Amino acid sequence: MPEVTLVEAINLALGRAMADDPDVVVLGQDVGVNGGVFRATVGLQERFGPERVLDTPLAELLISGLCVGMAAQGLKPVGEIQFMGFIYPCLDQLVNHASRMRNRTQGRLTCPMVLRTPHGAGIRAPEHHSESTEAMLAHIPGLRVVMPSSPERAYGLLLAAIRDPDPVVFLEPTRLYRAAKGEVEDNGEALPLDIAFVLREGRDVTLISWGAMLKETMAAADKLADEGIAAEVIDLATLKPYDESTVLGSVAKTGRCVIVHEAAHTGGFGAEIAALIAEHGLSSLLAPVIRVTGYDTIIPMARLEQRYMPSVGRIVTAARKACQYN
Amino acid sequence: MASKRANEELPVIARFEVRRRNYLAPDGSIDRPLPAFATDPKLLVELYRSMVLLRLFDRKAVALQRTGRLGTYAVSLGQEAVSVGIASAMREDDVLLPSYRDNGALLWRGVKLEEILLFWGGDERGNQFSGPVHDFPFCVPVGSQAPHAAGVAYALKLRKEPHVAVCMFGDGATSKGDVYEAMNFAGVHKLPLVFVATNNQWAISVPLRLQTGSETLAQKAIAAGFSGEQVDGSDVVAMRAAAEEAIAAARDGKGPHFIEAVTYRLGDHTTSDDALRYRSAEEVQAHWKEEPIARLRSYLVGQKMWTKADEEQLAAECHERIEAAVERYLTTPPRRAETMFDNLYADLPEAYAAQRRELAGEHDA
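Protein sequences, first through last, are from chains A and B. So that you can map any letter, position 53 of the first sequence is 53 in our numbering, and since no number is skipped, the others follow by simple counting. So that you can map any letter, position 233 of the second sequence is 559 in our numbering, and since no number is skipped, the others follow by simple counting.
Hints listed in this document are in silico derivations from the structure and should not be mistaken for laboratory results. None of these values were measured; they are calculated from a predicted model. Check before you lean on any hint, since a few could be wrong.
[As the list claims (entries may be wrong)] Using C-beta positions, here's what the derived DEER-type ranges look like:
#1 538(B) / 139(A): 34 to 42 Å
#2 516(B) / 267(A): 42 to 50 Å
#3 186(A) / 459(B): 32 to 40 Å
#4 436(B) / 297(A): 49 to 57 Å
#5 678(B) / 43(A): 38 to 46 Å
#6 297(A) / 503(B): 27 to 35 Å
#7 267(A) / 663(B): 26 to 34 Å
[Said to hold, decoys possible] The calculated lysine to aspartate or glutamate pairs, modelled on EDC-like cross-linking and capped at a C-alpha distance of 16 Å, are:
#8 438(B) / 653(B)
#9 486(B) / 23(A)
#10 483(B) / 23(A)
#11 516(B) / 23(A)
#12 486(B) / 51(A)
#13 516(B) / 55(A)
From the three backbone atoms N, C-alpha and C, an ideal C-beta is built for every residue, glycine too.
Whenever a hint applies, use it, and build me the whole structure from the sequences.
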């Protein structure tokens, strides 16, 4: 199998989806001739033409709103927002329209759209290019929020998102676009949504994360293994709706849990998981749930961004603390 | 002065104009020769009957709201000609994207009175309506359906389907980026899309002069690269004619058009509003002289197309139809509580199954 980067896997999935289904349309700023600012859509316009791979005017609200209209007509639009910091004009469309079209028409109209955007910091990008506000989106009923952490899952989950009959926000870990490499067979096989992936099994502590932070989380698990601590690592992958039983099952086994995310601490999605464990897994807990997250401040620009993001060291320390708790 | 003279020597690179369309004067007399469709008395009478039904239905809806049997409701009083005139020029396969004051268009397109009551009575099933299955439900957040209309029109064009999207909103919506972003995109791709701005002079309490410095709303289309016109929105013949031309041109691949329907909201914004807080009774009274129903009736009566007996019969028919619809609405039982989950996703995710069971009164062990 060929080894590809995460962004190449995205490109393969888009190409496969467009080849399989004439209703799939890709739209966004610079997605056509330029192939996208991260080259996720490179070559698609040549293959499928400018009508199906569409350079839009520079208007994010429009991109998301076009997707809603196209989807209600039975197309399967895949919109691209260049960076997560620019997704906020789309919130009105996501909250008021995309997520509730099926509900407010009682199934008469639906919204099978995907809105893709790069997520997170770590590439020394300019201001507003490093956001990770997934919890905001995961709070919206009717929406799906999906975030891959490897080329294989980027390919399989994006195919699933495009085929899904409901709206999906697909958050792509910017930092892994080129850094993550893996074998991907372009066979058109989707991976399941709403399911968490156990990346590593272990009996001592559960480490839960998603997106780019799984890189540090997996590295932390290696270090912990050196110390004799067997960490189980869960890639949540779909944040809305998320796989509660895999989380609870793992915590029932280990009794200890560390949640890792890049987004700010308060009200982050880690709080949701901690609350789930408190409600339904308390009796199996041997230690308090610990969150290792970004700080409750504005994500700093390039010079300090590494200090903001959870490090391998912080994750190891937290896991050790959980394991030492009596 | 020197610089002014210098400016006058600069070449003019573009000139634009906006035309205004009307046929029937407020007293029902004819300002200019009527368009071809207006020679068909059956159609004119149908337009008239639809406007009367809408007005009587609105009156009943307000009575229901005042007696606690309906939620907040938005009447079309004074602007019935806009929604009825526009819808009358559409084909079933065309796609309507209405705002919440376009009931006349919904009714024309086959939505049932009781379905409209269901929606305003707080039941989503009102949007699962008997109108064309592809039509959008009312857009409640102002103007945010305009990008949907552009998406719909793009889909129609992509599939080479000979249909047109019609997007309706009010004067307030033209201040929103949503509307301009959609117009801009429609202009770029010459989409089969007709924008209809019902300029009823008031966005709740904000008058048009605080909404825009533009001389007309129609001219906003020019910046987006297509044509716009102002239409007497209280003249249903003008509304129908403008819509017919614009929709035919869009169907023909000639691109979008913008219709500014200049009319007046004779009623409150909704049943939750009291318009006397921000505008005088005298102002409203003056606009009653222009309203669309009396105007068309004067014309029809003058042409011997309509009689007092017709009027009485119509009132009785409307009354019967409305009362029957109200009865069906009031006797429709609410949905079972757990069904609030049933159209959230195509299939309810396992994560929410327990919440649905709780609403259904089933308790987990």
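When the hints from earlier in the document are held up against this structure, which numbers fail? Hint 11 alone not satisfied by this model.
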